[in-house]
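So you can see what is in the structure, the chains are spelled out below.
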Amino acid sequence: MAAFWNSLKPAIVLLVAFIFLGGVLYPMAVSGVSRVFFRDKADGSLIRLGTTVVGSRLIGQEFDDPKYFWGRLSATSPPYNGGASSGSNLGPTNPALTDEVRGRIKALKDADPANRAPVPVDLVTSSGSGLDPDISPAAAFYQEGRIARLRSLPRSALHALILRHVERPQGGLFGEPRVNVLELNLALDRISGPSAK
Amino acid sequence: MNAFMTGSDALQIVLFLGTVLGLAWPLGTYMARVFSGKPTLIGKILGPVERGLYRIAGVDPSRETDWKGYAVSLLVFNLFAFLFLFLLLLAQGHLPINPEKLPGTSVDLAFNTAGSWLTTTQWQSYAGESTMSYLTDMVGFTAIDFLGTATGLVVLLAFIRGVVRKNAQTIGNFWCDLTRSILYVLLPLSFVLAVLLVSQGVVQNLSPYRTVPLVSPIKDASGKPVTTQTLPMGPAASMVAIKQLGTNGGGFFNVNSAHPFENPTGLSDFLEMVAVLLIPAALCITYGAMVGSRRQGIMILSAMTILYVLALAVMIPAEQAGNPLLSKLGVDQGAHSGLLAQSGGNMEGKEVRFGAVNASLWISAITGTSNGSVNAMIDSFTPLGGLVALALMDLGEVVYGGVGTGVTGMLVFVIVAVFLAGLMVGRTPEYLGKKIEIFEMKMASLAILYMPVLVLLGTAVAVVSKAGIAGIENPGAHGFSEILYAFTSAANNNGSAFGGLSANTPFYNWILGFVLLLGRYLPVVFILAISGSLARKKHVPEGPGTLPTETPLFVSWLLFVILVVAALNFFPALSLGPVVEHLQMLTLAGVH
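Listed in order, the protein sequences are those of chains A and B.
When we follow this note's numbering, the leftmost residue of the first sequence carries the number 12, and every step to the right adds one.
When we follow this note's numbering, the leftmost residue of the second sequence carries the number 464, and every step to the right adds one.
Next up, chain A with everything else stripped away, as it sits in the complex (with noise of 0.2 Å):
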């Protein structure tokens, strides 16, 4: 028993002084470099048109629209819902998960009968995080001759608007490529005006 009464002072003194140092003293330390140095990064990437902000970088936003860019389906409720990150957790053999990836599938179809082509898995399943900003450059070129016909623009010009928007792996080693969404959307709005609503 005197291990137990000789415990609690020290216990109660340096549970006080740690709680101290790693949640409040060292959060802070990290918030107070990080606004110096990475401002813009530590507030979350936002996307700024003039002073509006319409959007993050980082997250997501939902296109059912078939005049914009697709991203990957979102588990969350509605869709890309910043508020709740969600993945599907549908297992491999559960029917609900061919049944979505099957209503995906025509509705690519259904929007570009004339395609083709494979479909490529990222754009016909649901991210882990329902926010993921991107889908893969195999996915937007899929894309490429729908929103051409759809917003009467040249394919080339397209093709290029997508390749300058392709991201490389970071410093060719780090990561998959990947094209993001919400940006490829915003510049082609820029070339062809927003689309009509």
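There may be inaccurate statements among the hints.
Claimed, not checked - Facing chain B, a subset of chain A residues (Cβ under 7 Å, in silico):
(1) PRO129
(2) PRO131
(3) LEU142
(4) ASP143
Stated by the list, open to error - Selected chain A positions facing chain B (Cβ under 7 Å, derived; list incomplete):
(5) PRO21
(6) PRO103
(7) VAL132
These are computed hints drawn from the structure, not numbers from a lab.
Please read these numbers as outputs of a predicted model, since none were measured by experiment.
Every residue, glycine too, gets a C-beta built ideally from N, C-alpha and C.
Fit chain B to the known structure of chain A by using the hints.
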């Protein structure tokens, strides 16, 4: 170009393992200096803080205790920390730094979450962005991450003293070990990592959530127009850094490191993955240095690395091959580089910036260690991918393992392996000059067997109760896997999940809460007991009959013992879940 995986992916695997093993050496050596009380640069700067803390806490750093005193101090400290977090969770609605006005949690959720955090499990049955205030994130979660991690680390330090000391009664001073772990190892590393993560886009602020207009308005499921999007905010980077370094794994947001604000780029993913394995791998080197035989540390590190590479060799091909049921629908799951690049594979539940290979590297790392953070949804992994995740936990979290607990877990298996080898040749087993006798063997057996008992009994209770079955999302064998995974994760203090299981119910919060508390403190007591017993023994000089424990032959024997123990315990349960589902998938796809 069409390939099994892209060249860039292969390079990332090599680079990752190389970085972890390359950094393990200097960090391990540094920690050995810190914990042997030798001078270090950081020690010079923070020394006054350390001594100041001892003064106000009334700690005499020169006074050590026996293993029972050490265990009591550890448990008392953890109990107070538990109560603090438990009350904070209940009261957060009345406390400041809560711009989203989130209310206090239910009692069962507070119990489960407080236990989760203290035991480095971080089993999260709630969604962070819609449940926890910034105050809770900081003084609750971030601070307790340090304390839980340090608790695992000090048990290893006590064990090392047990091995090294001869005819000794004491195994160290808990308060000093705790303070040094946090001040000299965890805080400095976390600070550096947190700043690096902010540079990649991990958020770090105290702003309220932002509402932004959608570029192209949509309609929700009920047909109502949706014109805006919520952007969550918060002090995420400082929490993410320690959650990765401390094998804690508790995410700031619901989807953890799959969230773009928690893990925005390929580089942030790499840094977070390195952070998961870094300290557990480095502690092998620390162990070798402190017991005076670097080869002992390398032996343990090799055994862990071999198991990790074996796991990758199954998981990466399984995930990269994709889902055969989708191939039938005309979906292209191949890995391509060049103009039409895609990482391909089983992309359900995965993020494009990481792809299937980085998701597999990550999930193997966080299930082999007791980290449990995720960058992809394990519930949507292929049956073989999910099987590897379960199996890595079933080994008892020794594939690098938790901070401190990974090496001690491996050493328990070393004791069993030495004992079994001794039985075969009829000699008294010994390890590093200490005879392994009945007491050590009893404690080692308990330290191995408590886990399968908790997992299998817990799963059995859940699958025969209505409240247990009610949480299942996916039908059939996969539903069983969801429950098995939950108990495996809790008993091993892992915290990852087959996320489809609805676990924020009183049934799961209470039962998993008890399982994860037992899963932490039972082995802590067993291991401290072994340490105390070893410290009292005299040193036996090495003889011709001594089994060398730093040879490749012994590593093979050790691996054999680990795999046989896990297979005997878990083969039937794994067969009912992922193995059955794998066969079902092949049948549905028409492969058979």
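Now the hints, each set against the structure:
The beta carbon of PRO129 of chain A comes within 4 Å of a beta carbon in chain B, closer than 7 Å, and the hint placing it at the interface holds. Among the interface hints, the one on PRO131 of chain A holds; its C-beta lies about 5 Å from the nearest C-beta in chain B, closer than the 7 Å criterion. Nearest Cβ of chain B to the Cβ of LEU142 of chain A: about 6 Å, under the 7 Å cut. The hint holds. Look at ASP143 of chain A: its Cβ gets to within about 5 Å of chain B, closer than 7 Å, so that hint holds up.
Satisfaction of the interface hint for PRO21 of chain A is found here, the shortest Cβ-Cβ separation to chain B being roughly 4 Å, below the 7 Å cut-off. Using the Cβ-Cβ criterion of 7 Å, the hint placing PRO103 of chain A at the interface with chain B is satisfied: the shortest such distance is roughly 5 Å. Using the Cβ-Cβ criterion of 7 Å, the hint placing VAL132 of chain A at the interface with chain B is satisfied: the shortest such distance is roughly 5 Å.
Violated hints: none; the structure is consistent with every hint.
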